[in-house]
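Protein chains in written order, with the numbering used here: chain A, 1 to 279; chain B, 1 to 282.
Derived by calculation from the structure, the hints in this document are not laboratory data. There may be inaccurate statements among the hints.
As a list, the in silico EDC-like pairs of lysine to aspartate or glutamate whose alpha-carbon atoms are at most 16 Å apart [what the hints assert, rightly or not]:
no.: 1; chain 1: A; residue 1: Lys-109; chain 2: B; residue 2: Glu-85
no.: 2; chain 1: A; residue 1: Lys-22; chain 2: B; residue 2: Glu-90
no.: 3; chain 1: A; residue 1: Lys-9; chain 2: B; residue 2: Glu-107
no.: 4; chain 1: A; residue 1: Lys-276; chain 2: B; residue 2: Asp-71
no.: 5; chain 1: A; residue 1: Lys-276; chain 2: A; residue 2: Asp-159
no.: 6; chain 1: B; residue 1: Lys-70; chain 2: A; residue 2: Glu-53
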Amino acid sequence: MKNSTFEIKRSLIIFRMEFLRKIKNTLIWSAATTAMMFLYLMLYSSMEDLILEKLEDMPAELLSIMGISGTEGITNFMSYFGMIYGIFVLVFSIYSIVSSCSLLYEEEKSGTIEFLNAQEVSRLEIYVGKLLVLFANILIVILCSYIAIIISGYSVAPDIFSVGNVSIVVFINLITILFFAAVGFFLSTVLKKTQKPSSITLGLFLVTYLLGYLGDLLEDRGTALGYLSPIHITQATKLLNSTMCGGMISYNFTGLIVISVFTIVLFVAGAFTYNKKDF
Amino acid sequence: MMNDIETNNLSKFYGDVKGIEDLTISVEPGEIVGFVGKNGAGKSTTIRALLNFIYPTGGSAKIFGLDCVKDSKKIKEITAYLPGEVNYYENMKVKELLSYSESFLPEKDEKYKIELLKYFELDGERNISDLSLGNRKKVGIIICLLKKAKLIILDEPTSGLDPLMQKKFFNKLLEERKKGATIFLSSHNLTDVEQYCDRVVIIRAGKLVKTLTLANVKEERKMKVTYKEKGKKKPESFILDKDINTLISDLSTKKLDSLEIRYQNIEEEFEKYYKGDNDDEK
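Isolated chain B (complex conformation) (with noise of 0.2 Å):
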């Protein structure tokens, strides 16, 4: 099956200064993949080069078989793009911004326009250099649903947005998929990922870190223990590698403070890679 976003050791250098390195990443069709890094890491700068905006200095990269440099216009009439950094046409009103991008597509849907500027509680009459942060995104958040695409690139998406409304940009999201649509989305926001998205690529100094399936990690997580001995001012904390009744058995022979066993969270799980324990891992 041919992948929706397939890369193949994509690279991207800007002189002397590396952007991505021979980086190997597919998305297949009908996932919610998230991708993530810390700042610099390379998220934008691959994204930017499967849009074209950059040109790879090596590798290649395809959008539903599609070669990213060479059928880039084929690739934006099927690929809705969410800036991370959302700079629109200061002078504008929001609703002339959206009738100016629906103007470049096929067919206009006025009735699902209006639906999208209500859901995300956006009024169409303001100025655009009036709104805050969160409503610039809201903005680019409609351009983008508005082209009704197969596959939606999003940088950086809930940056801005309050939690009720990631929640309801989350649950669109959701019901895009269910259309059919393929998401991929660069976060720092570790929870939603965990919670969102089926897959996690894992960036660093543009080089690929690992590919984590969420399903798979969250079924092969390992419980933390917490604890804290009576007289002592420092709790201990282990990842639990042995049977958990023969740890309550052990630990019943201290006097606790405080006890605590919690499955990690996948937020513990990404921070060796983002820390750069385990660069063999593939």
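Here chain A stands alone, though its shape is the one from the complex (with noise of 0.2 Å):
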């Protein structure tokens, strides 16, 4: 009889068949959003001036919400990139919710995790497979519209483009799309199979998100609530802000600190709880 301890090939054996079961869904959502971003951040030029005028018209606290603090800077390439960013990590956000939920509750709502449960593969392998699947899902497409913004920023706006500030960006709110990621994915180990983990986490990205919302129009006296949303924390142009003013010195780290502490606490404790479900 072999040693039967941790084996990652058995974890990569999961993971190859996974990756190529939903490799469509992930090619679709990455089709989607950089050609999204290409547009947009293409179309800069034209649209500078009609985007002044309707951010003119917005009121301040609005802007504000946007990371924007007054209509000047948005004749700024980066600038326009930081809040065209924003929105679209929103729709990162959503994507790693919907992919998390779905890698290890689809398997016992529709039954096959009797199936590979029955195989030569420990409830750690599974996990750590599952787990591998969801962070490439998420890094192909985070990376197509990494591409997307490089090729448009050089295109668009050479001089002032920097891909430094743009990986920042990408990179600290890629903690923030992990930590959704890893809310789904724990809640997948808790619930039972009748509820829905997608949903509960939903309703929490939507509730932390409008925490900062509301943290903002609150203004000195809602700070506390902006701690309490990790998309208003990893703002894309608040961190271009303080990349392009002070060199993230004035960027307030602690939250993003927290934000990662509990993305890898809720990624291991859900390795232990999905050992300890009953299925």
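Join the two chains into one complex using the hints; note that each chain is given alone, in its own frame.
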């Protein structure tokens, strides 16, 4: 009889199969978000005046929610990118929630977990295999849009475009996206198959987003609410303001560290709860 | 000698709802043991606890002396399992699913796979989503057999299979037993159990009711007499508890329309345990 410790080889078997099963879905999301990102950024020059006009009509509170302190900044491509990327982070977060919740939940809902559990594979190996699929799917979607940003950035505003600043924004927002993926993944290991983890995670996502929004509206009195919103903490426009004005020195890292720690804790805790789950 | 399966006061409660309670059973090496009981009796719960799909709330279970909770991965390496409900990935072909299952095994046996597909008359190119229940069952059976396991656990293996395929399936199981495998199967088909099993474990409401050795049951079973007298509407029926010659002599005085004397079948023997007339018997 073989030694039955954790074998990454078996996780990779699951990863390969699941990745191929989900690839179509991942490519559709990648194509859609990349095309939209490319289109929005490429249209910057022609939309500049139009956007400025629209933004001038908006109340200052609403602009601050988008991380824009004044309309003068929108003439800058990087600020425009920050505003657009902030919207895309919402889309990426929703994708990460849907993707993370489906990986474990669908297997239980459809009953295929019975087949998988009967194979020569431990629950931890199943969990790690699925987790790798989740990371791969999210990275593919983000990476495609990242390439679109670089191409359009150099095409539209080569003088001001900074790959370094864009990379910081994309990387830090990836942490937020992974945080919501971790919440979805963890809830999938805790909830019964009659309870949909995606509904609860999307609800949580919406609530934390609105708390950040409320924090902005309340200004100083609502600062604490902003800390409850991962989207708010890693808001691309704020990040860009920090990178451009203070070389990240002025950026509040505490919130980011908290999100990162929570993300890791949720992924690790998920492994434990999955191991103890009744199927 | 170590038993291949051994449970000791195994219990599983879902909150206040009882799945199984204090279940103590054993399966010896090389046996074919039937596990029978009404729907909801706790058969699948027991099997799922043995395979660590669920955690027991009390007692213990061992397979080949290995703890079903602590050593579940080792157990999976030497145990094949056919679930009662055969759910597979709908967008896969049969051959893809078989390859996926094989990829977890230490070595593949392509020749045996083709042989099994042919034996069970299954087309590897077909999509899982197009398969009937019976054909899905065949896929599950092939996955089980490809593992060449020492212990095969089957949950309702013949549901959905036609009678000819059921016979072929049991013939294959007998071959596996000859090779040294132990088989533990839950079933509602008592005729199959009677025909192929060495012992039967009967469970009701989560508790063990009786363990029967079928050779003894067959030897000890009584005759059932059914006759209908001329002019009477209903036939009389009773279990023969006296000498058959005395019975014939008694019946010769009556004018009969029909007479049937036969050994009780195993289903009739099981029925009393199913219905709960013999709670005290263990």
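Here is what the structure says about each hint:
1. Lys-109/A with Glu-85/B: Status holds; Cα separation ~13 Å.
2. Lys-22/A with Glu-90/B: Given pair Lys-22/A, Glu-90/B holds - Cα atoms ~13 Å apart, limit 16 Å.
3. Lys-9/A with Glu-107/B: holds (14 Å)
4. Lys-276/A with Asp-71/B: holds (14 Å)
5. Lys-276/A with Asp-159/A: violated (55 Å)
6. Lys-70/B with Glu-53/A: Violated, because 67 Å separates the two Cα atoms, which is more than 16 Å.
The structure does not agree with the numbered hints 5, 6 stated previously, though it agrees with the rest.
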